[in-house]
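With chain S fixed as given, assemble chain B onto it according to the hints.
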Amino acid sequence: MGRSLPTYRTYRQMKESYRTAFAEATMILVAAIMLGFVYTGVTRKGLFRASSPSSPAAAPEASASTFLTYEEAQGLYIRQRAVFVDARHAFDFNRGHIKGAVNIPLSEAQKNHGILEGLPKDRMLVVYCDGESCNSSVELAKLLYGAGFSNVKVFFGGWNEWLAHKQPREP
Amino acid sequence: MRTAERTSTLDIVIALLRIVLGAVFIFASLGKIADPGAFAASISGYRIVTGGIALLIATVLPWIEFLSGLGLLLGLFWRASALLALLMLILFTIVVLSALWRGLDISCGCYTQDPTAERLGWWKIGENAGLIVMSYLVLRQSSLRFTLERLL
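Chains S and B, in that order, are what the protein sequence lines are. At position 49 of the first sequence (counting the first as 1) the number is 49 in our numbering, and the numbers step up by one without a gap. Count along the second sequence from 1, add 171, and you get the number used in our numbering.
If you are wondering where the hints come from, they were derived from the structure by calculation, not from laboratory data. Cβ atoms here follow ideal geometry from the backbone N, Cα and C, with glycine treated the same way. Where hints are given, some of them may not hold.
[To be verified] Pair by pair, the computed Cβ-Cβ distance ranges are: (1) B:L262 <-> S:N160: 25 to 35 Å; (2) B:W272 <-> S:R49: 25 to 35 Å; (3) S:R12 <-> B:L322: 23 to 33 Å; (4) B:L323 <-> S:R49: 16 to 26 Å.
[To be verified] Straight-line C-alpha distance at most 20 Å; calculated SDA-like pairs for lysine to any residue: (5) S:K111 <-> B:R290; (6) S:K111 <-> B:Y217; (7) S:K111 <-> S:F91.
Next up, chain S with everything else stripped away, as it sits in the complex:
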C-alpha cells in the first residue's frame, strides 16, 4: 500500500502492464458480446425481436419492414393504400412533390406536434424526403410513431427516386 503513484519505473514494467490491459480488454469484449446476445435473446429485443423483418410469414402488400423500396412505395401509391407524407421544408414541397402528398416539414413537427393531428390514424403513412442524403423522413416517421401512429413506413428513395421514375407529381 501507499507507493508513490503516477509513472512507470521502467519501460519493461509499462509494457507488461499494457499487455495485461490488452488481455483484460479482450476479456471485457468477450463478456460484452456474450451479455449482449444473451440479454437481447432473453428479452427478445433488437436482433431477436419477435416480428423480425426477415420473417416472410406475414407479408401483406408491402414488406413488414419499415423501409419501403421504390416498387413497394409505388405499389401502395397506385392502389391508394397509403397517405404520402412529405417531410421536407415547405419551399421544397412547393417546388414539386408526389401528387397528393401532405407536407409536414420535420422542423415544424418538432416544434409543434399539433400539426400531426391532421393525419389519419387508421391509414398507412408513407413518409419521404429528398432521398438517401436526407434523414428527415426517418425522423418524422419516428415522431409519428411516438405520437401514436402505428402504421408508418419510410420511402427512403424519396422524391429523387420518384422523380427518376417519372411518377405522378405536382405541380
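Okay, now just chain B, sitting in the frame of chain S:
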C-alpha cells in the same frame, strides 16, 4: 522515490476523472441496452452501416460501454476499461466527424435514442475531445487510488 501513504492532489483528480468517465459511459449505455432497436436506428442514421450490421453493433456496443464504465467506476480492470473507453471515443469521434462533414441532419444517439433530440453538432467533437483526454490521463497511470483492485 517512495513517499509512503501520500495521496497527492493529482491522485485525487485522476480518481475523480476515472469515476466521472465511468459514470458517463454507464449512463450512455443504459438507454441503448434498454432499446437496441432504437439504437440500431440511430446507427443507421449515420449511413455507414445499416440493417443487420447496425443491429449487431447495437447488440454488443452498449455492453462494452457498460462494462468499461463499471470497470472505471469501481476501479476493477480499470486500465483495460480506460483503454476500451479511449478506443470507443476515438471511433465515435471519427464517425461523428464524418457525419458532420457529410452534413447529415441526425441526432447523436449518444445518450438518448430519442430521434427528436438535439441535432449532432461540432460541440460533440469538443465533448469527445474532453473525454478522450480524461481516458488518456487515466490510462497512463501505473497505479490508481481508490480502486477496488487495490482492496482485493
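Evaluation of the provided hints:
no.	hint	in the structure
1	B:L262 <-> S:N160: 25 to 35 Å	31 Å, holds
2	B:W272 <-> S:R49: 25 to 35 Å	33 Å, holds
3	S:R12 <-> B:L322: 23 to 33 Å	27 Å, holds
4	B:L323 <-> S:R49: 16 to 26 Å	40 Å, violated
5	S:K111 <-> B:R290	14 Å, holds
6	S:K111 <-> B:Y217	23 Å, violated
7	S:K111 <-> S:F91	18 Å, holds
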